[in-house]
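**Student:** Read off the chains here:
Number of protein chains: 2
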Amino acid sequence: MTAAQDVSVDEADIRAMMRGIGVAAKVAAYKLAGATAESKNAALHGAAAAIRARKDEILAANADDVNQAEAKGVKGSFLDRLTLDDDRVEMMAHGLEEVASLADPVGTVLAEWERPNGLKITRVRVPLGVIGVIYESRPNVTADAGGLCLKAGNAAILRGGSESFQSSRAILSGLRDGLRTAGLPEDAIQAPFSADRAAVGAMLTMVDSIDVIVPRGGKSLIERVQTESRIPVFAHLEGLCHTYVHCAADTQMARDIVLNSKMRRTGICGATETVLIDRSIAPELLSPIVDDLVGAGCEVRGDASARDIDGRIVPANDDDWDTEYLDAIVSVRVVDDIDDAITHVNNHGSNHTDAIVTADTAAAERFLANIDSGIVLHNASTQFADGGEFGMGAEIGISTGKMHARGPVGAEQLTSYKYVVRGAGQIRP
Amino acid sequence: MTAAQDVSVDEADIRAMMRGIGVAAKVAAYKLAGATAESKNAALHGAAAAIRARKDEILAANADDVNQAEAKGVKGSFLDRLTLDDDRVEMMAHGLEEVASLADPVGTVLAEWERPNGLKITRVRVPLGVIGVIYESRPNVTADAGGLCLKAGNAAILRGGSESFQSSRAILSGLRDGLRTAGLPEDAIQAPFSADRAAVGAMLTMVDSIDVIVPRGGKSLIERVQTESRIPVFAHLEGLCHTYVHCAADTQMARDIVLNSKMRRTGICGATETVLIDRSIAPELLSPIVDDLVGAGCEVRGDASARDIDGRIVPANDDDWDTEYLDAIVSVRVVDDIDDAITHVNNHGSNHTDAIVTADTAAAERFLANIDSGIVLHNASTQFADGGEFGMGAEIGISTGKMHARGPVGAEQLTSYKYVVRGAGQIRP
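Order-wise, the sequence lines are chains A and B. Anchor point for the first sequence: position 245 equals 244 in numbering that gives the first Met the number 0, and the numbering is continuous, going up by one each time. Anchor point for the second sequence: position 373 equals 372 in numbering that gives the first Met the number 0, and the numbering is continuous, going up by one each time.
Where hints are given, some of them may not hold.
No copy labels: a pair is met if it fits in one copy or bridges any two.
As the list claims (entries may be wrong) - For lysine-lysine, the following DSBU-like pairs were computed, each having C-alpha atoms within a straight-line distance of at most 35 Å: (1) 54 with 30; (2) 218 with 119; (3) 25 with 74; (4) 119 with 74; (5) 71 with 218; (6) 54 with 25; (7) 30 with 119; (8) 54 with 74; (9) 71 with 54; (10) 25 with 119; (11) 218 with 74; (12) 25 with 218; (13) 119 with 71; (14) 74 with 30; (15) 54 with 119; (16) 30 with 71; (17) 54 with 218.
The set of hints was computed from the structure by calculation and includes no laboratory data. All values derive from a computational prediction rather than experimental measurement.
Construct the complete structure from the given sequences, taking the supplied hints into account.
**Tutor:** Okay, here's the thing in structure tokens:
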């Protein structure tokens, strides 16, 4: 690996560089597909050790990135996500060890059967191949995404935001140390040698060497990837999550779940953005819910019916029902009944995560069956929308698409399958 | 439904028509997602009965299509695929009954577990939603694809080739009869009201109402769909299948499998296009294989080593290794060993179907593990690459992609899943 540096190159050079990376990734992917669980886990443990050993180097590279970003006027949460410290380096190393402890999905027999002609058919889980991850300037994603792709037997091409270029290169060196010590090809995890943004455009057209693109970041990044990619994409554009308080909801449970769903963390994709409440219980239950929300510093916007009940609610406009605030703001709508609620969620939601609070099991089942979202919950907070909370271990994101992976995308979702057919000379009549 | 007619309209009108069809499909899909297996099967049986009852109407519409196509100079296999007769109408009806007899994939619990906090998580199979099928002028695909989408609880928008427009409309009427008699929404199966080709372009951009596009047809159709579609696509571009005769192959088995793989039907995607043979047995086994192929009317092209052994083999050029002949032509290459064979297949294949013939189990397992194709076979003909032969019942195609569905795409592959989480008031700490 060459020294990390941002050389000035033109777009044709970047494309040539990325093609080279793609060819090397494909070769590495074929080797990795046959790697044992033990060798992949050894590489993950080796990478964790190398990241700890390289801590000073990683922090120095990160300090350079942070200084350059500050000089450009970057601040706030962007700078916070870019900045590493001892704890964050340790979290990356620990995260790689956690991934090593997960079950290896590759090789699992998903189904097997024998045909009347004696052919034995087996459907076996195999790696996807080469995964391209495109993310913003969060250096820890380099370790998290690289480790998860490796666990599932995939080669990875990791393109982080240009402001985190040097940090990501330093972390990448640790990951490649791990691969090398385990006897696996270093090129199983690669990144562009330049921070030039043209690398993103190049990746999105590399249909011969990248099997799937995973974008991680804000809406504009994901929209660009979804629009430009010639390669299949795993992504969620947004999490416009709903919590529906049904007329048979337990009062305290409804209050607890609404408050937690909205306010535990407002900036994550599983945060509730809209609360729906049945007309029959709104007079009784809406104001206590608003008490909790306002008390926690949340702005509450609502429709006319909601505002008639509670004067603290400010008017919502038509756009509010389609807005992912990712902030301490919630929209509240009074609905006539469960069908009205289901229609609202399916029309305005983002197929991500939606919850019903009710003591009526039949109503709950109706909601769970009819909401067209990757995750539907009964009597639980939408903030549980997370691979870790599902017990899936690390996740690379949450998919709102219906193709291949839906909901949390963990190691298992980063695999495909193939049919293995064993015969004794059968020919087709 | 309006009478079938090809009205002259401009592209904006076509796009508006398709948007309307899309909205209706989405509404129907939500209803269909909750339909019981019994009602879907009743619709399939009803459709079969209606297609039989409408046989004269279907054949008359088809005669119009055929006459118009002949007037345009269409002939050969295109005309053959367009033409219906009593038997072919009966095959469509029977095919729908067969689909009814398959297991219903929807509602299957794929996994369930409980978290330490008491949350019960279930992964449940659900329909994909709305499937857009784009195919050539083969009217029977209207019944086959419509039936399979319905079985998996999906709404379908079926856009067949313009030369089959009237035939497809007549068959569609039968399918909708079936839906109506079963109490399911007729708009669960729709087709454009116009044969205008702009309908295809419109469908490929309808990201809000179509969940997946399935193209069925030749390479140019599939390439266009893969290039233009803004919606995920299930497709195989080509089936460049290999049969590898390993040095430990049984002589008679190798001859039988090669002949069947190539010549049983040369026009299907599972037909072998390239035979690889180990250098150590080529002097003994190649000429008998060429005897069989030439005797069956096959042209044999080969590399220098193959031609040195058998003078009937004509020279292959570099393009031959990347050519899907779909005809009575085969390319033969002598390889040094199994690694050489694996490299050739992964470099030149289309990730579709590849077979090894050998009595050496370890060599077979090595090939099966390292070939990156949806279907890999040991001691069996590549012509078994077919959903029916796999016992999956009807298929809508064979996917060479790794995302979502790989290999034969049957009813099960036309589904997605969702996570259903049942709690008792859990909030996230």
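**Student:** For the identical chains here, do residue 74 and residue 30 meet the 35 Å Cα criterion within one copy, between copies, both, or neither?
**Tutor:** neither (42 Å within a copy, 49 Å between copies)
**Student:** Up to 35 Å between alpha-carbons, please classify residue 54 paired with residue 30: within, between, both or neither.
**Tutor:** Result: close within a single copy only, 29 Å intra versus 56 Å inter.
**Student:** Within, between, both or neither: how does the pair residue 54, residue 218 come out at a Cα-Cα threshold of 35 Å?
**Tutor:** within (32 Å within a copy, 52 Å between copies)
**Student:** Please work out whether the CA atoms of residue 25 and residue 218 approach to 35 Å or closer within one copy, between two copies, in both situations, or in neither?
**Tutor:** both (29 Å within a copy, 25 Å between copies)
**Student:** Cα distance capped at 35 Å. Does residue 25 pair with residue 119 within a copy, between copies, both, or neither?
**Tutor:** Close inside one copy (30 Å), not across copies (39 Å); limit 35 Å.
**Student:** State whether the alpha carbon distance between residue 218 and residue 74 is at most 35 Å within one copy, between copies, both, or neither.
**Tutor:** within (19 Å within a copy, 51 Å between copies)
**Student:** Please work out whether the CA atoms of residue 54 and residue 74 approach to 35 Å or closer within one copy, between two copies, in both situations, or in neither?
**Tutor:** within (24 Å within a copy, 72 Å between copies)
**Student:** For the identical chains here, do residue 54 and residue 119 meet the 35 Å Cα criterion within one copy, between copies, both, or neither?
**Tutor:** Cα proximity of residue 54 and residue 119: none, with 51 Å in one copy and 40 Å across.
**Student:** At most 35 Å between CA atoms: does that hold for residue 71 and residue 218 within a copy, between copies, both, or neither?
**Tutor:** within (22 Å within a copy, 50 Å between copies)
**Student:** Tell me, please, which holds for residue 30 and residue 119 at an alpha-carbon limit of 35 Å: within, between, both or neither?
**Tutor:** Only inside one copy: residue 30 and residue 119 sit 26 Å apart there, 38 Å across copies, limit 35 Å.
**Student:** Give the relationship of residue 30 and residue 71 under a CA distance limit of 35 Å: within one copy only, between copies only, both, or neither.
**Tutor:** The answer is neither: 42 Å in one copy and 53 Å across copies each exceed 35 Å.
**Student:** Checking an output row: residue 54 and residue 25, CA cutoff 35 Å. Within, between, both or neither?
**Tutor:** Cα proximity of residue 54 and residue 25: one copy only (30 Å, versus 53 Å across).
When the structure is compared with the earlier hints, violations turn up for hints 3, 4, 13, 14, 15, 16 and for no others.
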